[in-house]
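**Student:** Construct the complete structure from the given sequences, taking the supplied hints into account.
Below are the chains, spelled out letter by letter.
Number of protein chains: 2
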Amino acid sequence: MVSKNQIKLITGLQQKKYRKLHKLFIAEGAKVIQELIAADFQLEQLFVTESVLPEIPESKKEYITESELKKITALTTPNNCLAVFKIPEERPIIESGLIVALDDIRDPGNLGTILRLCDWFGIQQLLCSEQTVDLYNPKVVQATMGSIARVNVTYLDLNAFVGQSKLPVFGTFMDGENIYKSELPAKGIIVLGNEANGISAALEQLTTHKLSIPRFGKLQKTESLNVATATAIVLSEFLRNT
Amino acid sequence: MVSKNQIKLITGLQQKKYRKLHKLFIAEGAKVIQELIAADFQLEQLFVTESVLPEIPESKKEYITESELKKITALTTPNNCLAVFKIPEERPIIESGLIVALDDIRDPGNLGTILRLCDWFGIQQLLCSEQTVDLYNPKVVQATMGSIARVNVTYLDLNAFVGQSKLPVFGTFMDGENIYKSELPAKGIIVLGNEANGISAALEQLTTHKLSIPRFGKLQKTESLNVATATAIVLSEFLRNT
Numbered sequence: 361m362v363s364k365n366q367i368k369l370i371t372g373l374q375q376k377k378y379r380k381l382h383k384l385f386i387a388e389g390a391k392v393i394q395e396l397i398a399a400d401f402q403l404e405q406l407f408v409t410e411s412v413l414p415e416i417p418e419s420k421k422e423y424i425t426e427s428e429l430k431k432i433t434a435l436t437t438p439n440n441c442l443a444v445f446k447i448p449e450e451r452p453i454i455e456s457g458l459i460v461a462l463d464d465i466r467d468p469g470n471l472g473t474i475l476r477l478c479d480w481f482g483i484q485q486l487l488c489s490e491q492t493v494d495l496y497n498p499k500v501v502q503a504t505m506g507s508i509a510r511v512n513v514t515y516l517d518l519n520a521f522v523g524q525s526k527l528p529v530f531g532t533f534m535d536g537e538n539i540y541k542s543e544l545p546a547k548g549i550i551v552l553g554n555e556a557n558g559i560s561a562a563l564e565q566l567t568t569h570k571l572s573i574p575r576f577g578k579l580q581k582t583e584s585l586n587v588a589t590a591t592a593i594v595l596s597e598f599l600r601n602t
Numbered sequence: 361m362v363s364k365n366q367i368k369l370i371t372g373l374q375q376k377k378y379r380k381l382h383k384l385f386i387a388e389g390a391k392v393i394q395e396l397i398a399a400d401f402q403l404e405q406l407f408v409t410e411s412v413l414p415e416i417p418e419s420k421k422e423y424i425t426e427s428e429l430k431k432i433t434a435l436t437t438p439n440n441c442l443a444v445f446k447i448p449e450e451r452p453i454i455e456s457g458l459i460v461a462l463d464d465i466r467d468p469g470n471l472g473t474i475l476r477l478c479d480w481f482g483i484q485q486l487l488c489s490e491q492t493v494d495l496y497n498p499k500v501v502q503a504t505m506g507s508i509a510r511v512n513v514t515y516l517d518l519n520a521f522v523g524q525s526k527l528p529v530f531g532t533f534m535d536g537e538n539i540y541k542s543e544l545p546a547k548g549i550i551v552l553g554n555e556a557n558g559i560s561a562a563l564e565q566l567t568t569h570k571l572s573i574p575r576f577g578k579l580q581k582t583e584s585l586n587v588a589t590a591t592a593i594v595l596s597e598f599l600r601n602t
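These protein sequence lines are chains P and D, in that order.
Residues in the first sequence are numbered from 361 upward in steps of one, following the working numbering.
Residues in the second sequence are numbered from 361 upward in steps of one, following the working numbering.
Keep in mind that the hints were calculated from the coordinates and are not lab data.
Warning: the hint list may mix true and false statements.
Which copy is meant is left open, so a pair is good if it fits within one copy or across any two.
In silico DSSO-like pairs for lysine-lysine, Cα to Cα no more than 30 Å straight-line [said to hold, decoys possible]:
1. K431 x K380
2. K380 x K547
3. K431 x K420
4. K364 x K431
**Tutor:** So this is what it looks like as structure tokens:
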């Protein structure tokens, strides 16, 4: 049974301001929930429509009907379980190795996919400008497939951080140096730009190494790569010889 | 003014069976429409809510209201123009260079992103198994950003085609050879598997070279890369030294 107050609280968590207020977020589906629990995220509430997640004590589960789940889900096709987790305290920035920095990424799917890529390539720190979509947006949480538990994500004034950093700063631009022919170090900041506008002029000023991913298409008409696929190529190049 | 029959026809084109029947598909937004016209796709109808696409004669435009556009759009946030194009006749398979083959890709966004990647990397031929999402699905058309006009896409019995081909056949698997250390030729078929199940057992049998993208994350928990990001990494590796 889901009470009216629970419905109000949980659907409210689809909005950033209520996530900030309550310091809670929602995750749906057994796989994501399991990954978050394994990474010591604090489970506040767990709603299930059937007997799933056998590793969690029955006393922590609230059995609800499918129509009740439909009232609290953020998905168009709800799963069989929905959990409410506590948003953890921010951890200090990890300044070792490569750092990926997002300059106003707006699409939740892109942020989720980039987080999975960081996890795959062993990137420990993701920096997000304050205008980047919120990490605890339900669509981001779903798209990360659990990687949210393994990469440290920090929202901050990106220009200020990059401006004071002594690390080399890489970004991809149309007129940069061919990434396939560039020396790529094991330490540095890799900046990825907004879907529509690329890297802002202010951050471009702070970029110490301009890279480009060459186009091979003969017609040279393809305007740009999607930011998540560009991230895949850039991280693969930085890591392939390590 | 959009007639009831036009609404019925155009909304019908969101379904594959009506696209097949009428040999028509829809595209929305000035950029995609311009790219399709530039690539000689045959424009059947063009609906606009304001004065856009100045390169198209006014006589070919039907001015409609925003509420009329809402009745025919396939987008949740409609643009200011919607075009109906003729589905072109299939062209013969282009057997030169690298061929990308999709084994039951179901997500329209993934197909669109992979098509953009093919275009970027100069791949001329994309093969799709018959269970792959339809190219003229409105969500695919939107995601391709015009690349649909520059890559030859063929739906066929993929296992039969690969089985009779004399080209080397590459696929990515968990236990394949490290792609960063493999000799990758300029001719061959690159197979990409279904989002949930990967490459089918039958196609795996036909794969002559098993590759893998190494994981760098220490925890080794990231289950897999999204198929579009994996495609980005694989194509980048095949093309980077050419």
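**Student:** So, for every hint listed, does it hold in this structure?
**Tutor:** Against the structure, the hints come out as follows:
no. : hint        : result
1   : K431 x K380 : within (22 Å within a copy, 38 Å between copies)
2   : K380 x K547 : neither (33 Å within a copy, 53 Å between copies)
3   : K431 x K420 : within (20 Å within a copy, 46 Å between copies)
4   : K364 x K431 : within (10 Å within a copy, 35 Å between copies)
Of the hints listed earlier, the one the structure fails to meet is number 2.
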